[in-house]
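With the hints as extra help, turn the sequences into a complete structure.
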Amino acid sequence: VTRVEEPAKYGVVVCEADTGRICRFVEKPRVFVSNKINAGLYIFNPGILQRIQLRPTSIEKEIFPAMAQEGQLYAMELQGFWMDIGQPKDFLTGMCMYLQSLRAQHPEKLHSGPGVVGNVLVDPSAKIGANCVIGPNVTIGAGVVVEDGVRIKRCTVLEGACIRSHSWLESCIVGWSCSVGQWVRMENVTVLGEDVIVNDELYLNGANVLPHKSIAESVPEPRIIM
Amino acid sequence: SQVPGMKEILLMGFYQPHEALSRFLVSAQQEFKIPIRYLQEYAALGTGGGIYHFRDQILSGGAEAFFVLNADVCSEFPLQEMLEFRQQHGDVHSFVILGTTANRTQALNYGCIVANADTQEVQHYVEKPSTFVSEIINCGIYLFTPAIFQHIGEVFQRNQQELALEESSNGWQRAEVIRLEQDVFTALAGSRKLYVYKTDGFWSQIKSAGSAIYASRLYLNQYSKSHPERLAENKPGGPVIRGNVYIHPTASIDSTAVLGPNVSIGEGVTVGAGVRVRESIVLHGASLHDHTCVLNTIVGWDSTIGRWARVEGTPSDPNPNDPYAKIDSETLFRDGRLTPSITILGCSVTIPAEVVILNSIVLPHKELSRSYKNQIIL
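Chains A and B supply the protein sequences, listed in that same order.
Going left to right, the first sequence walks through residues 1 to 226 as our numbering numbers them.
Going left to right, the second sequence walks through residues 227 to 604 as our numbering numbers them.
Source of the hints: derived by calculation from the structure; they are not laboratory data.
Treat the hints loosely; a few may be bogus.
Taking lysine to aspartate or glutamate pairs in the EDC-like style, the calculated list, with each CA pair at most 16 Å apart, reads [claimed, not checked]: (1) A:K153 - B:E580; (2) B:K599 - A:E221; (3) B:K451 - B:E580; (4) B:K599 - B:E580; (5) B:K433 - B:E580; (6) B:K424 - B:E361.
If you want it as structure tokens, here you go:
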């Protein structure tokens, strides 16, 4: 389990304070029950397999409640950072947390140099051009090419992508093998699927673009492009 | 100034004279070697009232004819051709209106002219009719003789008589408000004194600030045909030029910038590394820092745009598929929201780095601190 600020968004765990034994689960409680939620990491005895029938089963909804009643489930509070990264917005937040922990534990793995600000992770095979300012909170994958004069903040750039010169990116996820044109501005959790091409001089605000699409017009307000 | 026999240019307006205007008059006189003066109307007197009020100034020096050009139009200004047309079609006492073709829907927004197909005499004139009259519209460019003042004078007398019936203190001033189109042309139509010279050359109204971008494109296009040496060219070590671009000789442009099409860079402007400017006018003294992107925007005098900022507007061009389509004058608001239009930065505006300014109008001397979209920033 992990402690969160807004437990009502998740499945909450109620457990005995001293033993850690789980009494019950409450899914998305409307009143405050506990601030500990299921972090999604489990360690089981192989015996649990006896409890599961051969059909589609939700372990949290069907198996755990019975085990909790029988006193067979215990909770351990996770130390350190945790984030549900199902949503792109949360993925970026989680990325920031991860980079922060990297700074504390293995700062030598982070990128440094002229034009690097804050926590930045760059794959050794990536190429970054002149006069760029990268960071804070940027991860750049293998084989990525970032041309001259690019500004990237709080983004994930996946393997094989290319960001052409003079573009400006903040809070984005750039998918594998994408090509982002020159003088493009992308912000507000714009997500590009695999192999998306963004033409020069466009403005993408919160665009969620499905794979293999070509974007030829600006997206001034958040929407899904498919 | 290239029309032979042109003796003097008078600028007439309701604006207070100020330093920028005086400097403009001085430099224009030096460049064109012709006397130029500014006459200030004491009140807004309509399209005819001003010239009637200053008729003595206009006729002093014994002018046998004079052109009246509305300042809010952009055109090839075929003045020489209008003079020749008058010699062929009318007589020395005729008046000529420059006309052009519009499409049936948009013609209703202008003065509509019905002309005799052979003589080009104006048989009927209606200003902004509600039903279709003619596709030939009034360009706001006229050739008059001193005799016009007689006709305007008749309107003035009529106004005075009507207003004398009312008891009001500013009656005399209101009598001087004369509309050339509704009051004078409508009456002159069919009297064999008024003629229309139709032109196919480029023409557009410049009613909104954003229309200046469209007008600039027409003028730059004209230069590419008549004065190509005025436009910028791609040179090694210079910025990349696409299409028609004007760069003032004192501007300094980084060699990695990409300018055009339809860009005008004013005096003393600095354009930094990796800057992209397209469909925009950058007025003198402005400074565009590295990696900025300026599209469909008018950047005011001495403004600054910070690094990586994006300043963008929305064009309102007429339908490119219709050769006679004219630029629309859109209302400022539609359905309670600001209509997307050309972005305008007033003089001495500061745009910080890394923001986006979209479809917005920024009043002079503002120092912005964040992004803005679809707003008027006071």
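Right, here's what the structure says about each hint:
| no. | hint | result |
| --- | --- | --- |
| 1 | A:K153 - B:E580 | 11 Å, holds |
| 2 | B:K599 - A:E221 | 10 Å, holds |
| 3 | B:K451 - B:E580 | 39 Å, violated |
| 4 | B:K599 - B:E580 | 14 Å, holds |
| 5 | B:K433 - B:E580 | 32 Å, violated |
| 6 | B:K424 - B:E361 | 11 Å, holds |
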